[in-house]
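Protein chains: 2
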Amino acid sequence: MSQPARKILIKDGPVIVLVEPQLGENIGMVARAMANFGLSELRLVNPRDGWPNEKARSAASRADHVIDAVSVHSTLGEAIGDLQFVCATTARSREMIKPVLGPTEAATRLREMHIAKARCGVLFGRERWGLENDEILLCDAIVTFPVNPAFASLNIAQAVLLMSYEWMKTADMPAPFGEAIIPAKRENVAALVEHVIASLDETSYFHPPEKRERMEQTIRSILTRPGFSDPEIRTLRGVVASLERRWLKKAGKQPD
Amino acid sequence: MSQPARKILIKDGPVIVLVEPQLGENIGMVARAMANFGLSELRLVNPRDGWPNEKARSAASRADHVIDAVSVHSTLGEAIGDLQFVCATTARSREMIKPVLGPTEAATRLREMHIAKARCGVLFGRERWGLENDEILLCDAIVTFPVNPAFASLNIAQAVLLMSYEWMKTADMPAPFGEAIIPAKRENVAALVEHVIASLDETSYFHPPEKRERMEQTIRSILTRPGFSDPEIRTLRGVVASLERRWLKKAGKQPD
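Protein sequence lines correspond, in order, to chains A and B.
Each residue of the first sequence is one higher than the last, beginning at 599 in this note's numbering.
Each residue of the second sequence is one higher than the last, beginning at 599 in this note's numbering.
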């Protein structure tokens with residue numbers, strides 16, 4: 599007698615990050631949609647009702663391997679710090695200098711990065727108002743869904759379902775020719791941004807003060823968009839450090 | 599001052615047919631998913647809790663134009679009688695001689711037929727056990743979704759969402775070259791099948807009686823699969839009528 603075929607549980611692919619999700623049911627349905635299409639790592643940034651959440655487990659309909667592995671984070675920066683390529687899903691286009699991808703293109707990019715061993719993630723915003731601009735700034739690309747203009751209300755579980763489904767569809771995608779440039783971890787990009795801002799703080803760059811926040815955002819955006827690799831980041835930090843030293847010297851101070 | 603842009607409500611595309619849906623919530627979520635991606639015509643075959651259904655309206659989250667236009671049918675044959683190209687969604691492959699399509703291919707075929715002015719539909723089965731084989735037999739093609747083998751439990755609202763989304767993605771598809779063969783309405787195919795079976799009943803074809811159901815299914819399958827056009831169906835019915843007359847003559851009877 600032949601053995602019954604064992605069903606393989608696929609557990610792979612991008613991390614799904616929910617920013618400040620409100621309803622446990624939605625978290626559970628997200629977990630289920632992920633499991634349907636072979637994703638397994640779910641991270642939550644400040645879930646409103648805390649964690650663990652029994653409503654989430656119940657709505658996950660036995661996607662327990664996803665629920666059991668959920669991690670909770672207090673900031674988005676922490677939640678995506680170890681990731682190297684991150685897409686932000688948004689309902690409407692934003693006035694930002696970021697590539698805007700459809701779900702199919704985004705899945706293809708994610709698969710390319712995944713094949714090149716880069717850790718990837720996809721962000722989904724709050725039920726009511728999605729992601730803030732400064733959250734989107736931390737990402738490499740924006741994903742929007744082609745919806746009916748007059749009836750565009752996709753909920754987060756539906757959006758995760760579509761993105762997970764597009765991911766699964768790329769499963770047989772061949773490895774691309776040539777070497778992919780693997781972006782640095784987000785935390786290394788963040789460190790570069792902080793380094794540049796700290797250096798500029800020693801100058802009169804941030805003037806007038808009420809423009810500071812906007813100016814910081816611009817710098818963050820410019821340094822995030824290229825998807826710098828770790829060697830590139832190291833070079834850039836060397837450049838900044840060198841400029842700092844020059845400035846300190848000019849000011850008659852000795853660098854540390 | 600410029601006028602605010604009016605958002606166009608897209609209402610177009612294949613009919614969605616739910617066979618014996620049980621939960622009003624699911625019917626509502628199906629309506630919402632359809633509205634998200636521009637579909638608008640929903641037909642129900644024997645919904646368990648009758649119709650109208652307040653839970654369905656509530657779960658539809660303001661997709662009232664879909665809910666208001668729902669039609670209810672007592673048989674699947676009636677629900678799809680006026681359609682010309684019909685896909686059946688199934689969770690597992692069946693041993694049937696039908697083309698099996700992925701959702702993207704199915705959406706492409708549906709769009710081709712739609713551009714050629716054929717009325718199209720997509721069937722979704724019961725929450726618990728999907729579609730029966732004799733229901734699938736009435737369709738032109740089977741659609742299956744690429745899911746995680748060990749976690750394949752898509753619910754009907756999710757399945758409708760994915761199919762509607764794939765439909766929306768084909769919106770910019772160019773018209774194909776050449777003339778498409780437009781299949782006849784399903785009711786005309788059904789009439790051909792009944793005609794052939796009635797004719798065979800005058801012979802000793804259905805023997806032994808316990809094999810009759812299976813033999814009828816085979817005939818239905820063979821005559822449904824080609825997607826005969828109306829002129830082809832007329833020709834075939836002429837052929838059958840002619841054979842009948844010959845048989846009746848041989849038996850010494852006069853045809854009506």
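One should not assume that every hint holds.
As the list makes no split between identical chains, a pair holds if one copy fits it or if it spans any two.
In silico lysine to any residue, SDA-like type, Cα no more than 25 Å apart, as pairs [as the list claims (entries may be wrong)]:
id : residue 1 : residue 2
1  : 767       : 702
2  : 605       : 700
3  : 605       : 690
4  : 605       : 751
5  : 783       : 742
6  : 767       : 826
Rather than coming from a laboratory, the hints here were simulated on the basis of the structure.
Against the structure, the hints:
no. : hint        : verdict
1   : 767 <-> 702 : both (9 Å within a copy, 10 Å between copies)
2   : 605 <-> 700 : between (31 Å within a copy, 20 Å between copies)
3   : 605 <-> 690 : between (39 Å within a copy, 13 Å between copies)
4   : 605 <-> 751 : between (35 Å within a copy, 13 Å between copies)
5   : 783 <-> 742 : within (24 Å within a copy, 37 Å between copies)
6   : 767 <-> 826 : neither (28 Å within a copy, 32 Å between copies)
The structure is inconsistent with hint 6 alone, although it conforms to all the rest.
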